[in-house]
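With chain G held as given, fit chain D onto it using these hints.
Sequence order for the protein chains is G and D. Using my numbering, read the first sequence as starting at 1 and increasing by one per residue. Using my numbering, read the second sequence as starting at 1 and increasing by one per residue.
Keep in mind the hints are simulated off the structure, nothing from the lab. Treat the numbers as computed from the prediction; the structure is a model and nothing was measured. A hint or two may mislead.
Identical copies carry no separate label here, and so any pair may be met within one copy or between two of them.
To be verified - Within a straight-line C-alpha distance of at most 27 Å, the following computed DSSO-like cross-link-like pairs (lysine-lysine) qualify:
#1 Lys-131 <-> Lys-522
#2 Lys-235 <-> Lys-648
#3 Lys-553 <-> Lys-493
#4 Lys-633 <-> Lys-214
Protein chains: 2
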Amino acid sequence: MVVSPPHPFDPITPTEIQLAVRILEATFPGVSLRYKRIDVNEPIKKDVVPYIEAERLRRPLPAPPARLLYTLFHRLDTGAFYKAILNADSRTIVYAKELPREVQGPIDVDEITEIEEMCMKHPAVLAEIEKMQLPPGVTVCNDPWMYGTDSETETRRLFQCFMYLVEVDHPQNNHYSLPCKFSPVFDGLTHELIRMDYLPGGADHANTETQPWKPVKTIQYAHDILDEPLRTDLKPYIVQQPEGPSFTSDGNSVYWQKWRFRVGFNIREGLVLYNILYDNRNVFYRLSISEMTVPYGDPRAPYHRKQAFDVGDAGFGMNANQLSLGCDCLGHIKYFDGYRNDSKGNPVQLKNVICMHEQDNGLQHKHTNYRSGAATVVRNRQLVLQMICTVANYEYIFAYIFDQAGGIELEIRATGILSTVPFDNENGKTVPWGTNVGPGVMAPFHQHMFSFRIDPAIDGFKNTVYYEDSVPMPEDENNPWLVGYTTESNVMKTSGSANTSIDRHRVFKIRNDNINNPITYKPVSYKLQAAPSQMLLVSKNALGYRRAEFATKPIWVTKYQDDELYAAGEFTNQSRRAEGVETWVRRKDNVENEDVVLWHTFGLTHNPRIEDFPIMPMERVSVMLKPDGFFTKNPALDVPQSAQAFNKSTLHAEATSCCGHTGGASVSKAKLYKRLD
Amino acid sequence: MVVSPPHPFDPITPTEIQLAVRILEATFPGVSLRYKRIDVNEPIKKDVVPYIEAERLRRPLPAPPARLLYTLFHRLDTGAFYKAILNADSRTIVYAKELPREVQGPIDVDEITEIEEMCMKHPAVLAEIEKMQLPPGVTVCNDPWMYGTDSETETRRLFQCFMYLVEVDHPQNNHYSLPCKFSPVFDGLTHELIRMDYLPGGADHANTETQPWKPVKTIQYAHDILDEPLRTDLKPYIVQQPEGPSFTSDGNSVYWQKWRFRVGFNIREGLVLYNILYDNRNVFYRLSISEMTVPYGDPRAPYHRKQAFDVGDAGFGMNANQLSLGCDCLGHIKYFDGYRNDSKGNPVQLKNVICMHEQDNGLQHKHTNYRSGAATVVRNRQLVLQMICTVANYEYIFAYIFDQAGGIELEIRATGILSTVPFDNENGKTVPWGTNVGPGVMAPFHQHMFSFRIDPAIDGFKNTVYYEDSVPMPEDENNPWLVGYTTESNVMKTSGSANTSIDRHRVFKIRNDNINNPITYKPVSYKLQAAPSQMLLVSKNALGYRRAEFATKPIWVTKYQDDELYAAGEFTNQSRRAEGVETWVRRKDNVENEDVVLWHTFGLTHNPRIEDFPIMPMERVSVMLKPDGFFTKNPALDVPQSAQAFNKSTLHAEATSCCGHTGGASVSKAKLYKRLD
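Isolated chain G, as found in the complex:
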């Protein structure tokens, strides 16, 4: 229930979804429309900055920027696919354009449901199932996938349905344990069967005709159908905040420990953070995961096309879990909701898609003066904003973690279920591009490549990206003992890409050339603690390379443009090339002391372990943004001392309890600090 108009950074509201439908119906009178996407469009930055600066400086607010909506839809009469930008304030169309035939929009919820159901009823599929001669009680299901790309000329909208056996009638039966060897390809609009693919059964490229099924037991993960008994010795661990949390919020605006920011949400990126201030200073304008792609390393058809773009093809917001109190998040939890549209244009509420809570991450800083034994101990309280996305088999958990010393961490966890393929792996058979995870089932190697889009505002909206390498000093008279080292600095003056370097301890930083730190005498700055990763393994000559060129370099710097949000471009589904960062940097814009955007590609080359099956212990990768000369000293000095009266820890029996000071062990604690007059 929206009482006041949405803030420029607020997610779309149900009223706005309904307004969009009315505007488009009025624009195409008498035409049936099928709505693929109705969402907020990013506000025009030059129009929103005066507004948010007035908010920050507590000045009278100017007119807010126009509230724009982004829509994608099909005309059911002609089949044409359209994009339209709407102005929700004036209730008008800004523009509507028909998209070229080869442009495929993202998948939507209703579409995937239709494809899945249609596949299960198709005669060709039923015929294959018949050939398997399944025993009673064993049925079949499918996961529809985006078809991907292996051609420069395909214009049909295609889906590849991967088929699995359902051995146990249970809502969490693990069908990924029993993949089938046939896979239909459908036209997503006409629902025609294009082709029945047969998957390789062995270690080579030969595919397999559908044979009667040789029963294999499913490797389950759901607790009530496990073979083994559950552990009984895990004791409760309860987090309580009897005085409530340290955060306050007003709608999507959050305040915590000198941080202030707005929580955004859209169907494509999911959680987005806007207008991040620390102690009322600008730090970041916008943070998001702008794309991720997961290419598979199994070289054989049809797997060569397995390269989902989970943001552009589908949407993290669309796939965000609606979180449960006490299951997903521990402690005192606040939730944020979102909205999406269905194919008829009805708003659908997405409850609890983002959770927010505090956590304790151990010690933040400590020092014991060994002479006196007196110590300063401050704990590391953090604020977490989290979203969990289910993308068919996989789960991704995205968390932004704020600390009290000006740091922001992006932590990504991968869990859920490996993508599996059939493989007749009895008698010692293996493949060099995958891991056997069970009888008859293999998990192929793959990479998860993320693009972290960082739109900085380090003390203002004109910044510069540079990097510093740590290098030994030459062996000359300035370095007579041969121990010296310094840093070499390189400014990224024009838009382009850059490499990380462990050997040179390369650190990328973002600074404001117009504001100097009065003690370091250098411009105020933030540094990126990157996650240096192996880049895309596909050949430069593969279509997958051109579609995901963002994933070939760890660092890209572009000059801000309003419509440049997604590292692999706007339309990734069945794309032939990206039209993302690699295209924008070719403009060679000046990016020194400009409104810049830094895109950090990082990832996980994931060669599955058998321990990742049937459900994967989370694998974690993490990137941090930390102040570097932004402050004149540690900004968390004023966080109170960690004390037992506050923390209420309990002592395990057998030990004796301690006393006041923590002593450095190097000097007996009885020795106090002495005055030496």
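Below, chain D without anything else, positioned relative to chain G:
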């Protein structure tokens, strides 16, 4: 109070310290001895393995291995420095040998106290203080440092005392803010002043005569002498375990979630973990930090000798904080104690030097079946063993973190206070090898290099170290679509070193060639998720390189030998070269399917930020050991579901509460799983 004999892996007891003194007094009748080190000596591995295997397999125990003690001491008559190994069972000396003149033992607590006090009374020091013309109330203190090495011929035991001004009479006054420009060098045995060093005052190598002090305000960190008020909006965050912890312990033996291991402690390495089993299978024999070194990058005398070896020169055990309930650790805490000796041979208790507790690290695994909306959610409960060491200005927090899926993480946090030097930095002056952190004070660049010693026992005591790189397949008929990638494996057959590689996603693994996984068909194995880091920056021609050659390569593999424990050798204080891993690998032992040791060097190149001053927000680096084909599926499947009844989270007001299942947002939750008969 020791009731039963210590286990072979138990720390030294006070009785044993006293026994050592009696044995040595009997061996050197009538000679006054000054005891530098009395500690356990590592048990002989071939003697202890049958014992621990009998424990593991619940067989009758053989005789335990001999309980050996390690002692270092001086004869006060001749000044000679001795090492002796004692047998505490037979109460005899195994051997005693006089060490060469150039071998310096580590520092000890009493010695450092004496040097510090002697320095403050020395006439030459008092004369310099006089020259500073300090106002009333401002006094001087010093931090004695190991002298380091810049000569192949020095045989004196030397200390360099770094001097600081104490502006405020408070037990936590931050003297590091006001470094003085003179620094005496003393002979540690005779207490003679060897030399008065004068430190550079500017950006060049020129040193500075002591001048009258121009008052500068100290940048403080202790809460009650801060300029700014404390934050008042941090609400309590309390961890409770009303049913107690999930761990059990019996002396130093710990059991938690199928893990069983023994907690060791010694003065040099501090916390050591022994005999780590998961589900009664051998995983690791011993884990420890075998050395760390911190070379500084300021090329100018006397800083060229700043390269502490905090394990070998001093000792993490010696410097371990005695922890306070509710300050250092949150939740339900168990402590372990240790003992050291003083210079007279008296036992000194080190209470609470290791803490153990559980923590919750978010989600462990989750999957939502998007068709049914049903989800399996399991949280990531961990067991932490932690030690905090104060090394003059710096603090290091070492934590071993066990998870329920067979993983062990070594996490190291650096905090405390930067090492500072004086620098007349008014009017824009900077140096290329350091950061201004306040008026008149600079923090030089430096590296923290750690050696993690991993003595594996992957399902047994003969293992092999190998590494796998992920590489694209050639562009040929086996890879027609140009997407394929595989792994290339390299076995380390002879002792040596190896590099990490991000570009090739190199992963080091440890396997047991004698035991195959029945599903992957590969040997059972653990993998090392390393922390690829910049290696030592000092020149190959510098003495500091030869002293710390372990820090020039990220991976070393040696064949186990009982006395090869410390990566830079046994005696690091004022060493001229290491005699550690770089020496042992030259034997070119066969290390394939052998009793091997893997040494992982990793670190932080630390170019200080001003935000690291006056006390440093912790900087974290982390290494993980994870099963890789050790199990036949995820070993944590049997951890119960995360549920509100167990976790008792609370909902922040304003939101409405949720309902049962977490839904994947891709399908409406009303759609249950359907049978397709």
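List of violated hint numbers, smallest to largest:
Hint 1 is the one this structure does not satisfy, whereas the remaining hints hold.
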